[in-house]
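Engineer: Knowing the structure of chain A, use the given hints to seat chains B and C on it.
Protein chains in written order, with UniProt numbering: chain A, 1 to 623; chain B, 1 to 319; chain C, 1 to 315.
If you're looking for bench data, these hints aren't it; they were derived computationally from the structure.
Remember, it's a predicted structure, so these values are computed and weren't measured experimentally.
One should not assume that every hint holds.
[As the list claims (entries may be wrong)] Taking CB as the label site, the calculated pair distances span:
#: 1; chain 1: A; residue 1: Asp602; chain 2: B; residue 2: Gly123; range: 57 to 65 Å
#: 2; chain 1: A; residue 1: Gly573; chain 2: B; residue 2: Pro281; range: 43 to 51 Å
#: 3; chain 1: B; residue 1: Glu305; chain 2: A; residue 2: Ala94; range: 24 to 32 Å
#: 4; chain 1: A; residue 1: Ala94; chain 2: C; residue 2: Ser96; range: 53 to 61 Å
#: 5; chain 1: B; residue 1: Ala131; chain 2: A; residue 2: Gly606; range: 20 to 28 Å
#: 6; chain 1: C; residue 1: Ser60; chain 2: B; residue 2: Pro281; range: 52 to 60 Å
#: 7; chain 1: A; residue 1: Leu47; chain 2: C; residue 2: Ile62; range: 48 to 56 Å
#: 8; chain 1: C; residue 1: Glu225; chain 2: A; residue 2: Gly609; range: 54 to 62 Å
#: 9; chain 1: A; residue 1: Ile91; chain 2: B; residue 2: Pro106; range: 20 to 28 Å
#: 10; chain 1: B; residue 1: Leu122; chain 2: A; residue 2: Gly601; range: 39 to 47 Å
#: 11; chain 1: A; residue 1: Ala94; chain 2: B; residue 2: Glu239; range: 21 to 29 Å
[As the list claims (entries may be wrong)] Result set (BS3-like, lysine-lysine): computed pairs, CA atoms no more than 30 Å apart in a straight line:
#: 12; chain 1: C; residue 1: Lys7; chain 2: C; residue 2: Lys235
#: 13; chain 1: C; residue 1: Lys235; chain 2: A; residue 2: Lys449
#: 14; chain 1: C; residue 1: Lys235; chain 2: A; residue 2: Lys425
Quick reminder that beta carbons are idealized off the backbone N, C-alpha and C, glycines included.
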Amino acid sequence: MTALKLIARNHLAAFGGIVLLLVVAMALLVPFLPIADPDLTDPANRLKRPFTDGAVLGTDHLGRDLLARLLWGTQLSLVVGAAAAVIAAVIGSAIGIVAGYFGGRTDSLIMRGIDMLMAFPYILLALAIVAVLGPGLINALYAVAVVNIPFFARNIRGVTVALAHREFVDAARLSGMNDRQIIVSEILPNVMPVIVIAMSTTVGWMILETAGLSFLGLGSQPPQADLGSMLGEGRKLLITAPHASIVPGVMIFVIVMSVNLLGDGIRDALDPRLRSGALSRPAAATRVDRTNNPPETRKVDALLKVEDLHTEFRLGSRTYRAVGGVDFEVRAGECLGIVGESGSGKSVTALSLLGLVASPPGVVTGGAVRVDGTDTLSMNGEALRRLRGGRVAYVFQDPLATLHPLYRVGDQMVEAIRCHRSMSKQAAWDHAVALLEQVRIPNAAFRAKAYPHELSGGMRQRVGIALALVNDPALVILDEPTTALDVTVQAQVLALLSDLRRERNLAMVFITHDFGVVSQLCDRVAVMYAGRIVETGPTDDVLKTPSHPYTKRLIACVLELGGGRRVLSAIPGLPPPVDDLPAGCAFAPRCDKANDQCRRGDIVLGGNGMRAVRCLQPEGLPI
Amino acid sequence: MTLALEVRNLRKTFGGGRTLTGRPRPEIHAVRDVSLSARKGETLGIVGESGCGKSTLARMLVGLLKQTKGEIVIEGKNLSDQVGDPAAFGRLIQYVFQDPISSLNPRKTIREILEAPLIHLLGMDESARKARITELFDAVNLRDEFLTRYPHEFSGGQAQRIGIARALAASPRILVLDEPVSALDVSVQAQVLNLLADLRKAMDLTYLFISHDLAVVEAVSDSVAVLYFGRVVEVGRAESIFSAPRHPYTSLLARSAPIVGRDLARTESLAVELPDPLRPPSGCAFAARCPSATMVCRDKAPAIEAFSQDHEAACHHPL
Amino acid sequence: MHLYVLKRLLAIVPILIGLTVIVFAIMALIPGDPATAILGSYATPENVEKLNRSLGLDKSLIEQYFIWLGNMLQGDLGRSYSLNRPVLDEVLERFSATLILAGAALLLCTVWGLLIGIWTAARQYGWTDKILTFIVLIGISIPSFWLGLLLILFFSVQLRVLPASGMFAIYGGGDLPDLLRHLILPAFTLSVVATGVIARLTRSAMLEVLRQDFVRTARAKGVPESGVLYRHAFKAALVSVIPVIGIQAGFVLGGAVYIETVFQWPGVGRMLVQAIATRDILLVQGGVVVVAGSYVLFNLLADLAQSWLDPRVKT
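One chain only, chain A, in its complex shape (with noise of 0.2 Å):
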């Protein structure tokens, strides 16, 4: 088990960390350590081999004790390298600020400049360098340095050009303060990590250069050795005393291997990515954990039935509940609109129907999703393929971020016609154009051949819907299709897809933040709040006589074109956080109509008929 644990990450960068320490200790304790004298010849003791009396790492082929020269070569190793990578990072990272902070023509210059010292192969430059200032281990650090210092440059630029055009940095110009108060105070801070990410994962190459120039001869010169040069010494004796090149090598290894995996360390535990989970593999489907499991088909007259959904997102050591049971179903050329504020679980529940949900760190952990009363939670890999894109299509919120950016979007709709039927792909780009005739976009034939990028928002958003379209599915799920949108170009896309449900009997599931358009488009609506169905019924009743106070006091919150200057009804504080949600209704801690009841225990989904409404004390008539 400890084995498997070493493998794991974070012990890695320990161990790293703790062999890298006991390797500077031990450099620094040199002039203080019993050992001889790392000049002192001794001809008649040499190429002593290791483990002998009085040399425990043996002699080299002057007779000087080789754990000594290996002790005060380490050390001159590391103090090189590290002052390299110190000389680089600080010239490079300057050089960069300055670049991506001004811009322009200080910017294209100055990268001009480093792309003509990135023109030469790495160590062809350094060792050019070294050529001019003559062979010398403090040479060889310069040259070292300045072959760094376009890699450091490079990257402080690209994450400064992003941090100057960050809002925050224009609120510090207009709070007066001027372009070096602006680096020092504002860029600095932020750029820092990643100076020191850049450092972390360069120091152990730059301890390898110095080393390999001072291997070439060029580095430091005899008598004085550093551990390249003692590699290079004993290169030269190779068949006859090899422990003379392996001692030394191992010590660079041992030295750059521990470098490099602190860094790697230091590097994941200062990239908020990795923390969040952002750069973990997301599976093809997403995890199912149920603790119940519900029978794998049962017969259900609707197309789509939605059984007590929980689908959870679990980091480290938190929980979050992002949808806690979610009961809900769409019947054929039905349209049901999901509505919450950020945060309600709206979105999850939505990519929850089809796995869709990233995990990790996301897991479906309870109830069942029927799609013509089969689980699709229990569904295999290819049985969930097939339903994807097949009888179930998605359209989703952003179409830039949506569409594929290399493939031409007619090549992007053959894709996934063939991907679940055989059809040639000549008739599968016939299929896709006349589909996106139907969406409406005119030269249709024409812009098939365009890439996504070469397309305006609202057009981007028709290819999306074609795209979910293309095999004739009998639901659509539309995950805030429009949010993105001009309202201009709104009303086109929502007019264009209450035409297609009328000509095609399309189901849908429609999730939105927006009353407006719900009213527009769905014959039923649920209202979300962290995570659960607050209420629900035709949209007409629950927009006119909303019985959840969350509902009545949301819809009172939008604003409507018409009202005049007014004072606006907002509600205060905020939802609660899905990882430490309150016992009892979630909006208690809100409503001005909470008791004590509220406050404890399960609050069911009730109502009758259409209607249903999770609250104690509803609005308007008791249900």
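Structural biologist: Okay, now just chains B and C, sitting in the frame of chain A:
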């Protein structure tokens, strides 16, 4: 009534010039000859869709971006030559950003963020700063204990209040609010909008409220300017501009906003395409989408005309 | 597309000019008098001056640069005093050996790097991933010149299955199988570090891409997992990997200096080390210009490959 802000023929062109080989580089006219004015103590709403130039306009007004042409007069002072020097603007006009979290430096405490304008614009000493920060936090209804925290610990609504407090720190006379609530949820939007209304009254501020959301703009503004493709196409009083628009684009916007209980609007042909900023149409930019467009619309850009004292529109065939 | 190729071609002209300026400047900065170096410290001042004049060293630096550049464009890189033959002949001969070595190594590191990167990303946190990731880390930490020595010890000294040095056997060799036998160890050694770098980058690029929304779209439309991995994720990841392969070409060309020294490969790298030691300036100049110039051309190819892959680059 006196004007808090006046903008004359403001223009911003990106790109342009020539390449090394002498070929002309493509130009984008983000803002074209915009003239606007805001009266003291009023809220001027600026409405438009993406790419209409509203953010470019806002950045010029606070001195973050140098205009290509035109004049900016704030509180009677002509600042046209000082654009690009936000410090000159900072004590008169400030900016509240759209994304509240990204407008706060993640590595600074809230106190450090609020102190910056007090140090650099007002040169206050430490005790004065302390007093002023307490005053500001009171004004935006936040508790003092938040001052030692970092931005990521706040919700969007709280962060936006901090952004407002920062903007108010140097006691400016005008606030440019660039989509201040569009990143927030509906139930939180109103908290921020009501706070802004209270502050305006209490401090006698003038607001420029930029948004794509007509309902929000109507609810908070006295007068409204509608931007399309870098130009002002219509200006009018908030209570009448959307109910009785003169420009067909304003009318289209008003009809497009989805409203509870109203049927889906068939606003325009579904196949319509928006103009390309790199190849702007020669006449009225809206002509291609306009139901009443004629030959003259495609040839000649209409000038802005007054219909009544408070209502102007740039259209050859006003509604 | 043709226009883009032309634009890229024109863009490398200033880089090539800059490169020659840097090389010239570096060599002009070398302290000491080349003539003294050539003639030895016992030379008479008259002889030194005569040689200086014949080398053109009495003119201004700018004049010297243009003379040097003009000569170079005509294929005249001067004469190496230590070898007593034209620099160009020597450099070209040596460079072809380096190209064989570096080309083989680049091929190895690209193929293996991409494969390992995809494998590890596809099985993230599985055993394959953990073991390969660890091996890759060893690969980028091991000094290549030391690895070369170890391999010689093992394969040539202990097992006696592969030659320890040179490009061809001294007696009887000279054919392709002989070359390949000599190539195995140095090419492998040279490719190890670059393989590690490419593998690590491919892995992280794949993982990043697999989190993108368009991969979710691919899954939502029912693309089989292999298609998601190779058609969607790998193609997108390749966009950020190709520039790094370009940079690795530089590392491989540069790293050849060590490997050629260890394996006695008659390449341009070993020539440069010797030329620096003997202060044969013209030879250093010529070698550096040819290697760097070819590296620039290779990066141009990487650029074009990228633009062919990514339609967004051209706009």
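Engineer: So, for every hint listed, does it hold in this structure?
Structural biologist: Outcome of the hint check:
Checking the proposed 57 to 65 Å range against A/Asp602 and B/Gly123 shows it holds: the Cβ atoms sit about 59 Å from each other. Taking the beta carbon of each, A/Gly573 and B/Pro281 are about 49 Å apart, inside 43 to 51 Å as hinted. The hinted range of 24 to 32 Å is not satisfied by B/Glu305 and A/Ala94, whose Cβ atoms lie roughly 56 Å apart. In this structure, A/Ala94 and C/Ser96 break the distance hint of 53 to 61 Å, their C-beta atoms being roughly 41 Å apart.
Range check, B/Ala131 to A/Gly606: Cβ separation about 55 Å, and the 20 to 28 Å hint is violated. Evaluation of the 52 to 60 Å hint for C/Ser60 and B/Pro281 yields a pass: the beta carbon distance comes to about 59 Å. Between A/Leu47 and C/Ile62 the C-beta distance comes to about 55 Å, which sits within the given range of 48 to 56 Å. For the hinted restraint 54 to 62 Å between C/Glu225 and A/Gly609, the CB-CB distance of approximately 44 Å leaves it violated.
The beta-carbon spacing between A/Ile91 and B/Pro106, approximately 26 Å, falls within the hinted interval of 20 to 28 Å. Range check, B/Leu122 to A/Gly601: about 55 Å between beta-carbon atoms, so the 39 to 47 Å window is missed. Checked against the given bound of 21 to 29 Å, the beta carbons of A/Ala94 and B/Glu239, roughly 56 Å apart, lie outside it. A threshold of 30 Å between alpha carbons decides the hint, and for C/Lys7 with C/Lys235 the separation of about 25 Å falls inside it, so the pair holds.
For the proposed pair C/Lys235 and A/Lys449, the alpha carbon gap of about 18 Å is at most 30 Å, so the pair holds. The suggested pairing of C/Lys235 with A/Lys425 holds, with an alpha-carbon distance near 21 Å, which does not exceed 30 Å.
Checked against the numbered hints listed earlier, the structure breaks hints 3, 4, 5, 8, 10, 11; every other hint is satisfied.
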